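Engineer: Sequence:
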Amino acid sequence: MNQSRRALTLATLIPFLAGANAALYDTVIETQYGGVQGYPAFTSEPAGNLTHWKDITVWKNIPFAATTGGQNRWKAPQPVSAWNGTRDAKTFGNVCPSATQGSSEYTIDEDCLNLNIWSPANSTDAKLPVVMWSYPALSTAADALFDGGGMADQGIVYVNYNYRTGSFGWLAHPELSEEFYQVTGSNSSGNWGMLDQFAALKWIHENIAAFGGDPEHITVMGQSAGSAATQHILNSPLTKGLIVGAIIESGVRDPHDPLCTSLAEGYSTLEDQLAQGERFMASLNCSSIAEMRELPMDDLIVTGGTFGSTSEWSFGATLDYYAMPDTYYNTLIKGLAQDVPVMTGNTKDESGASYGLNLTVSEYLADMNETFSEPWLSRFLALYPGNTTRAAPGAYNSQWTDRSKVGTWLWAQLWATARTSPVYTYFWDHAPPGMDQGAYHESEINYVLNNLYGTDLPWTAADYSIARKMNQYWANFIKTGNPNGGSLVQWPATGDDAKVQHVGNGWGEIPTASDAKVKLFEEWFETLQTY
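For the sequence shown, the positions run -22 to -1, 1 to 509 when mature numbering (1 follows the signal peptide of the UniProt record, and there is no 0) is used.
Worth flagging that the hints you see were computed from the coordinates, not collected in a lab.
Just so we're clear, the structure is a prediction, and the values are computed from it rather than from any experiment.
The beta-carbon is built from N, C-alpha and C at its ideal position, and this holds for glycine as well.
Check the hints yourself; a few may be wrong.
Here are the computed distance ranges between Cβ atoms for each label pair [to be verified]:
| hint | residue 1 | residue 2 | range |
| --- | --- | --- | --- |
| 1 | ASN62 | TYR307 | 46 to 54 Å |
| 2 | PHE20 | GLN507 | 45 to 53 Å |
| 3 | LEU262 | PRO236 | 29 to 37 Å |
Cut-off 20 Å, straight-line C-alpha distance, at most; resulting in silico cross-link-like pairs (PhoX-like, lysine-lysine) [to be verified]:
| hint | residue 1 | residue 2 |
| --- | --- | --- |
| 4 | LYS32 | LYS68 |
| 5 | LYS180 | LYS218 |
| 6 | LYS497 | LYS477 |
| 7 | LYS180 | LYS53 |
| 8 | LYS312 | LYS218 |
| 9 | LYS38 | LYS68 |
| 10 | LYS38 | LYS180 |
Using the sequences and the accompanying hints, generate a full structural model.
Structural biologist: Structure below.
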């Protein structure tokens, strides 16, 4: 990807946002598959910080692949058929099964590979920067939390999309591997949801110019399971050359960290997933994939089907050496990932840390004994003592939070061994109002996307101010590969000094942890296997 594309500036984008020309909702947009009619994203001014809301067009439910039902179940996404006439793009489409686990708000169907586009362009040749959002687990592209109006207000074409999850997205089986081999030459199966993610990106690359976007300037971003999707796009040879940057929210970790097996980025070996697929088939009283393709959709929806869950089934990414080229560690040290700028970070109350935690000293010590063996246990307890009822919850949370911050910094150090593009790391600690959950997992999303209007919480002036800054950092990165600009507090690229950018309740560089704690985590991780 030509990095000169990164030279975009806000001044370059202003003519496309000034509203002098008609917005694109006055135009039928022609894709490779047929025409689509968009609509104004807002019929009245939304609360908050949007300046160009009248210029934003939204198109919903544009198919980027054919149905995944019937004979297409457990196949790579198939090409969508062209349609005659103009497709009305006013309402959200179907969502994929197991994404909402039975929510009645949306129609759940295997014909679910559709995407939504928010564009501020008033010309089809505007060539604005593009961002593709991948949602976290148990979510859909239609969720208000992922509304793209706030990002479009920054002069960015924002796209989100649906992809398969659960057994629909990740089932591996020897029969499926044989089928896949006949098509691709890869004797593997299981990463159907990952291939959906790649297909959405390729559709955007081929069609987004008609919506005022620049197909040579696409950044991918996502949170939690969406951050895993973003990592897979960053790492896979199947998407090489299609992106100019990646934003990975909650987030990357040092590949020595055992949490890599249980958090959203977890994956399994092909051998393990094939064995699970055979057990799953037997549990359904089927003897072939053909029989399983005849089953009703509802029979295949499993609860808790992710790595680290208590479910019998752990459906997730498979290390197939096709879509996923290697382990995370090898991908880093071999330089297999695309060499583009990366932004990544974590929130204060996630990945083990819990707001409002009640924990006794004995419970804290039991947990530490389960996590660490000697000599590490004594060293960790010396730095995170937790030896009183008052101190135990804080010590427990601090060691989890520090583990995330230090692990993210160590990932950036490994990245730098084979890649030259910068990494920008952050630590988010602002708690949305009215939730009493602290800076929980996903708590940054409304602020990053500047769409506080989409979530019914008692937002304050401080929240709107934080959203303006967060959204500006993210928008700057999408436009230039660097979050800095304007009056924002300087955000240095991550270096070897173990620092991270504090965002939310404060702004600027802070240590990831004390020198002693950083050294302890680094030394402990080095004794563990890699993922």
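Engineer: Please go over all the hints and tell whether each is borne out by the structure.
Structural biologist: Verification of the hints:
Separated by about 50 Å at the C-beta atoms, ASN62 and TYR307 satisfy the suggested range of 46 to 54 Å. Look at PHE20 against GLN507: about 51 Å separates their beta carbons, and that is inside 45 to 53 Å. At roughly 32 Å, the beta carbons of LEU262 and PRO236 sit within the given window of 29 to 37 Å. Taking the CA atoms of LYS32 and LYS68, the gap is near 16 Å; set against the 20 Å cutoff, the hint holds.
With a CA separation close to 11 Å, the supplied pair LYS180 and LYS218 stays within the 20 Å bound. A hinted pair counts as satisfied when its Cα atoms are at most 20 Å apart, and LYS497 with LYS477 qualifies at roughly 13 Å. A threshold of 20 Å between alpha carbons decides the hint, and for LYS180 with LYS53 the separation of about 17 Å falls inside it, so the pair holds. Our distance criterion of 20 Å between C-alpha atoms is met by LYS312 and LYS218, whose separation comes to about 15 Å.
Annotation: proposed proximity of LYS38 to LYS68 holds, straight-line Cα distance about 6 Å (limit 20 Å). Straight-line distance between C-alpha atoms of LYS38 and LYS180 comes to about 18 Å, which keeps the hinted pair within the 20 Å bound.
Of the numbered hints given earlier, the model fails none.
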